[in-house]
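Turn these sequences into a full structure, and let the hints guide you.
Line by line, the protein sequences give chains A and B. Here the first sequence is numbered in this note's numbering, starting from 1 and rising by one per residue. Here the second sequence is numbered in this note's numbering, starting from 113 and rising by one per residue.
No lab work stands behind these hints, which were simulated from the structure alone. Incorrect hints may have been included.
Unchecked claim - Cβ pair distances, simulated, as ranges:
hint, chain 1, residue 1, chain 2, residue 2, range
1, B, Lys156, A, Leu11, 20 to 30 Å
2, B, Lys156, A, Glu45, 27 to 37 Å
3, A, Gly16, B, Arg127, 47 to 57 Å
4, B, Ile166, A, Pro8, 28 to 38 Å
5, A, Tyr74, B, Gln193, 38 to 48 Å
6, A, Glu5, B, Arg132, 32 to 42 Å
7, B, His141, A, Asn29, 43 to 53 Å
8, A, Tyr74, B, Gly197, 30 to 40 Å
Just so you know, even glycine gets a beta-carbon here, dropped at the ideal spot from N, CA and C.
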Amino acid sequence: ILNVEQSPQSLHVQEGDSTNFTCSFPSSNFYALHWYRWETAKSPEALFVMTLNGDEKKKGRISATLNTKEGYSYLYIKGSQPEDSATYLCATNSGGYQKVTFGTGTKLQVIP
Amino acid sequence: NAGVMQNPRHLVRRRGQEARLRCSPMKGHSHVYWYRQLPEEGLKFMVYLQKENIIDESGMPKERFSAEFPKEGPSILRIQQVVRGDSAAYFCASSQAGLGVNEQFFGPGTRLTVL
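Spelled out as C-alpha cells, the structure:
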C-alpha cells in the first residue's frame with residue numbers, strides 16, 4: 001500500500017506572495033507523480049505529470065519539481081492570486097500500475 | 113470531445129434504498145476509477161475497472177457496494193441498502209488503455225445524500 005503524504009494540510013497566503021508545498025511518497029518502484037488542482041464544487045484538474053528524477057514542469061505561475069531518489073515533489077506558486085485558491089492534490093502510481101494513490105491534499109487560500 | 117460525464121449530479125436516497133451512479137468515460141478511454149470523498153476528507157480510491165473486468169476493488173466496502181463496466185454503456189457504481197454514512201461525493205475518472213503515466217481525467221462527481 002502506497003502512503004502519499006502532503007504538507008501542510010492547509011495554508012493561507014496574501015495575494016502576491018509566493019508559496020510552495022510538499023508531496024512525499026515511497027521512492028521504491030516509483031513510476032509517475034501527478035499534481036491536480038481541485039476547486040471547491042468542481043472536479044480535480046490535472047496540472048502536471050512527472051516521471052524522471054529531476055523533472056521540472058511549469059504552467060504559468062505554477063511549477064513543480066520531482067526527486068524520485070528521496071521521494072518528494074514540490075509545487076510552487078509564484079505571486080499567488082485569489083483564483084489560485086483550491087486544494088492541490090498529488091498522486092503517484094508505482095511500477096506502471098494503473099492504480100493511482102492520492103494524498104489528502106494541501107488546501108490553499110489566497111487572501112486578497 | 114466530451115469529458116468524463118457523471119449522472120446524476122445530485123442524488124437523494126432514504127436509508128435502505130439503492131443508489132446507482134453512472135460514469136461515461138472520455139472517448140477512447142477504457143479504464144475507469146471510482147473515488148469517494150467523505151465530508152472533510154480527501155479522495156479515497158474505491159475500484160478500478162476496464163471494460164467488463166474489475167482490476168482492483170481493494171477500496172470497496174465488502175458489503176452493499178458493487179461496480180461494473182459493461183462492454184456497452186457507462187460504468188455503474190451501485191450501493192444497496194444505503195446508510196447515512198454513505199453520504200459523500202463520488203468521483204469517477206478515466207484514462208487511456210495501457211500501462212504508463214496514466215493521467216486520469218475526472219468527472220464532476222455525484223453528491224449522494226442519504227436521509
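Kindly indicate which numbered hints from before are broken by the structure, ordering the numbers from low to high. 2, 7
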